[in-house]
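Trainee: As a plain string of letters, each chain reads:
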Amino acid sequence: MDTVFGMDAIVFWIIATMALVNVTGALLGTFLVLRRMSLLGDAISHAVLPGLALAFMLTGTREPFPMLAGAMAAGLLTALLTHLIHRYANVPEDAAMGVVFTSLFALGVVMITRVASHVDLDPGCVLYGVLESAALDTRTVFGMEIPRVAVTLSATFLVTVAFVALFWKELKIVSFDPQLATTLGINADRVHYLLMGLVAAFTVAAFEAVGSILVVAMLIAPAATAFLLTDRLHWMTLIAAATGILIAILGRNIAAVYDAPVAGMASVVAGGLFLLAVLFAPRYGVVARRLAQVRLGLRISGEDLLGLAYRWQESGARTPLTASGALDAAGGGVASRAALWLLRRAGLLVKSGDGLRLTASGEERASRLVHRHRLWEAYLAKHLPLPDDHLHSPADRMEHFMDSDLQRQVEEQVPEPHGPSGAPR
Amino acid sequence: MTATQEKGIVEDTIASGAPPLEIHDMTVAYQRRPVLWDIDLQLPEGRLIAIIGPNGAGKSTLIKAALGLVPRASGRVEVYGKPIEKQLSLIGYVPQRESVDWDFPVSVLDVVMMGRYGRLGWFRRPGREDRDAAMDCLRKVALQDFAGRQISQLSGGQQQRVFLARALAQEARLYFMDEPFAGVDAATEQAILTILQELRSHGRTVVVVHHSLQTVREYFDHVVLLNMRVVAHGPIEEVFTEENLRNTYGGRLPLLEQAADAVQRRSV
Amino acid sequence: MSGPAPWLAVLALAAVQAALFALVGAERLLGWVQTACASAGLPYNTVMVLAGSGLLGVSSAVIGSYAVLRRRSLIGDAVAHAALPGIALAYLMARERNFFLLLLGALVSGVLGAMVISWLRQSTRTRQDAAIGLVLSVFFGLGIVLTSAVQRDPSGAHAGLEGFLLGKTAGLVSQDLLLIAVTSANILLLVWLFQKEFLLLSFDPGFAAVQRWPVPALDILMMTLLVAATVIGLPAVGVVLMAAMLIIPGVAARFWTDRLAALLPLSGAIGLGSAVGGTYVSSIREGMPTGPVIVLAAAAVCLFSMFAAPRRGIAAGVVRRLQMQERVARQNLLRSLYELVEESPDSAVTAEDVAGKRSWSVADAMKLLRRAEARGEVRRTMDGRWTLTDLGLQRALDVVRAHRLWELYLVEQASIAADHVDRDADELEHILPPEMLHQLEDRLKQKGRWPEDRVPASVHPLEGAAREGR
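Protein chains in written order, with our numbering: chain A, 5 to 429; chain B, 10 to 277; chain C, 375 to 844.
With the rest of the complex left out, here is chain A (with noise of 0.2 Å):
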């Protein structure tokens, strides 16, 4: 075999073993995240070294089925004793959580030295991985050379995808709710552990190739950026496991270019494209969030410029409304200002001699706003009798957020839509 799809057959499976740990992860990790859980993924991972370890000095040999039985043993009895310990002995969950981990893997380490120091359950390759090398162990599978830690994580994605697939609903309840999940007759704690059975059966499966570390990022990274990108289960599954994919795809590539190891270099890559999703995800982005505010700060400045202008025109002041003026009287600062050329530039105001004056388009734009802003303080004086002085402010911000719907509401509660302040103010 040479190639696969055209492709080169070693980076092929590369690629393909790190999308299905990746994808794996990212479908257990939707749950792990949502249930604020994302760290047991990271005691997991490490805690089952001690389960490798027994399992090896039980039986003596590395084959798959002893090992990965003995890590979801130990996976499981770090869930467990986490629990137990938080409950019984009053100790905070992530304290008991990283008590038990550390001593778990402390008990690991230990054990690996003193029995199994002739075996490669070499620490460093449970932190990197050998990916690069386990493509090439292959076995035949339907007459085709399939890595042989490719074969392990293909049944463990399909046996993640049948669970999610089967207990969807439970699973959805349960990260929504656990208390309401029990009163509808859902057993929290048995999808709870089948959960973290399945977390330590997919780190054990995937550790040996992409090492802990990507296991853990795998786990969590997707996921939270899949959070920050929907706001439905449905889709935040399907873009952690999108995320996942093109992770291995651009982690491999990356790596090669730097010559740098991929399961470290995926982990970065995963790092970065969470970091994207924190800056640029639509509703959520730390960018998206400035923009929209200084886009509403302007906003308001143009429409409190344009409400400034109508009442200076329908006051019949003789004299006219200096830009100057009307800045200061919008707040001044940039927004005003920059708020002032995006009116003229839209034609809703201009210039005339030494003062500001509305176009007609200004005009029915600036009238509908002023409507607005005395239907409000027609609301709030009817509900809200208060001195009349404190009333132009709270309707003066309201007016910039009334949508049609909310304007319609008012006019029912003030069927005439007069303001207790025509003048200019």
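No lab work stands behind these hints, which were simulated from the structure alone. From the three backbone atoms N, C-alpha and C, an ideal C-beta is built for every residue, glycine too. A portion of the hints provided could be inaccurate.
[To be verified] Within a straight-line C-alpha distance of at most 30 Å, the following computed BS3-like cross-link-like pairs (lysine-lysine) qualify: (1) K819/C / K741/C; (2) K731/C / K741/C; (3) K95/B / K570/C; (4) K91/B / K570/C; (5) K731/C / K821/C; (6) K149/B / K821/C.
[To be verified] To give an idea of the interface, some chain C residues facing chain A are shown, with a C-beta separation under 8 Å as derived from the structure: (7) D503; (8) A617; (9) L696; (10) E700.
[Unchecked claim] Covered stretches of chain C (chain A as the covering partner; in silico rule of three or more C-beta atoms under 8 Å from a C-beta of chain A): (11) 441-447; (12) 567-580; (13) 625-639; (14) 652-666; (15) 670-683.
Based on these hints, arrange chains B and C on the given structure of chain A.
Mentor: Relative to the frame of chain A, chains B and C by itself:
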């Protein structure tokens, strides 16, 4: 109040005639959702003042925003005529009971002693005088026998009294108390009330977030009716009227809620 | 309270130490220690290793205790992992194994990691657990990438960076150990200086802010000390197990004490003991890695504390629960007997009657009755039935009275009683003011539920109840 308590007050930071608390045009938003709109308040000195309003009206938020514990979107807060940030040494604070971890390894006396930390300054350890002052405060809330107990071994009412004693140890002019009567037993309710009245008789001003309408008239002199904005405030006999209460509780101002939603939606 | 004074003091502390160090020099300082060891007849190398790891054990345990109490245990784990890229980068820049620079790099990237966690938690939608996990794995991934670059570098093949992954005290030279010891001592000094401030910050940051303490600055200081302890621990115990050095001693110490002032020294002592013990064991036994042995020692102490500690331990809890069950069963038996007597004046009952009153089996009822007999509260009549003795009746009256008052209180004062539902009925008179107690008694009498004394009372009922309740 003891003599040391009187002495502890820095008289020159109190501009004569300025009210103990003045809030101008304060707006507060959580996650960009406005929870308090344009609060304007001026509270009189030496009174017991209740802040009341329905759930979600922003009662606790009003206190926290005034103290600077949650950011204010706009507005300014003055204590005795100066910005509150400069006057914090005049302020005593009783937070909500749920705001701390009661399993934390400290004794009752340790917690009360924290009230003295402010005047101790950096690095200085509390001494005998502070210990005595803290014990005095514990005696006032009738918990002197519990001084050495770990705080999780107290009932809810006793925990509330510990917080009250800690605030007393601050020897303040103006007290903010966040729901001190919430979920306490009858004995504690009485003890707290006695202390509030004693504070008033020494000219202290106490602002209390309160949840029970039945006891307002009996316990307080002054009331602030709050529902996202100040519906009314003033002496009980003038302001605590059925109409104002209806405006605060009954009206619910659904459109104000909706408006807050609109603001949040548009500014996300 | 803010003001720059404390921060200037911290800087001055650092400056004085740096000056002293420059003046004396590490070589001469170590020379003195060597001479001192020689004159005391102690092995110099062992003393250095034990002193370094011991101080490390104390400082990480002390600063870690705060993290445990603030529910931030696992940030230490993330920070330990986040230090790796800093180490590799420092090596790539210095091109030599300068221990001080490596640790400085680790400190910088560790603090950066900690700050990223805070930022993600505060300003984005990411929750704390995911933020910790992300920083941990992504920074560590970057560390792996950079480390592989170090290893490809001709000078870097023997940089010994692997030592940071699992830790190896054997690989440390005297100068390294000196640096570890000095840093540990400084951490302890600062914790001691800021004792009061750290207590307030950990217990109630909101109150601290109202008292004008600079909460964010104190928070950063505490975080930096945590990172510093982590960073100096890495070469000794390694990335994964550093978290254990921070968490386990604090968790173990918490079982024994309810006072922070006692918890910190105790936690430090556990850290010291396990570090020194672990280092010693691994130095005399071939093939025992230092880090894991230290952690296992600490874990053993923690396990022991968890079960055996007098008040918070699991064993004590079990005993308490059994005693409670016993007490409740006894009170229930007395109440059942009294109520049976109240209904049927012939005043002797069978075990079946008692069992029927509760959801007990007859065998259970028999067992309880025999125990009550041993206490002299009941006696058997001629026909094998049971009747209350005078003592038993007196005690039963107290129990019933307290119970009925309690029921009434819960029903009539439900709104303020919510706080007490988990309380024992006979603590009533401690909780309620006397006037309310009298009111409740009157109400009970009105309702005809006041238990009638059937024998001449030897003591006043309420006094009796109060005495029993203690």
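Trainee: Take the hints in turn and mark each one as holding or not.
Mentor: Taking the hints in turn, this is what the structure says about them:
| no. | hint | verdict |
| --- | --- | --- |
| 1 | K819/C / K741/C | 34 Å, violated |
| 2 | K731/C / K741/C | 15 Å, holds |
| 3 | K95/B / K570/C | 22 Å, holds |
| 4 | K91/B / K570/C | 29 Å, holds |
| 5 | K731/C / K821/C | 22 Å, holds |
| 6 | K149/B / K821/C | 38 Å, violated |
| 7 | D503 | 4 Å, holds |
| 8 | A617 | 5 Å, holds |
| 9 | L696 | 15 Å, violated |
| 10 | E700 | 20 Å, violated |
| 11 | 441-447 | holds (count 4) |
| 12 | 567-580 | violated (count 0) |
| 13 | 625-639 | holds (count 3) |
| 14 | 652-666 | holds (count 5) |
| 15 | 670-683 | holds (count 4) |
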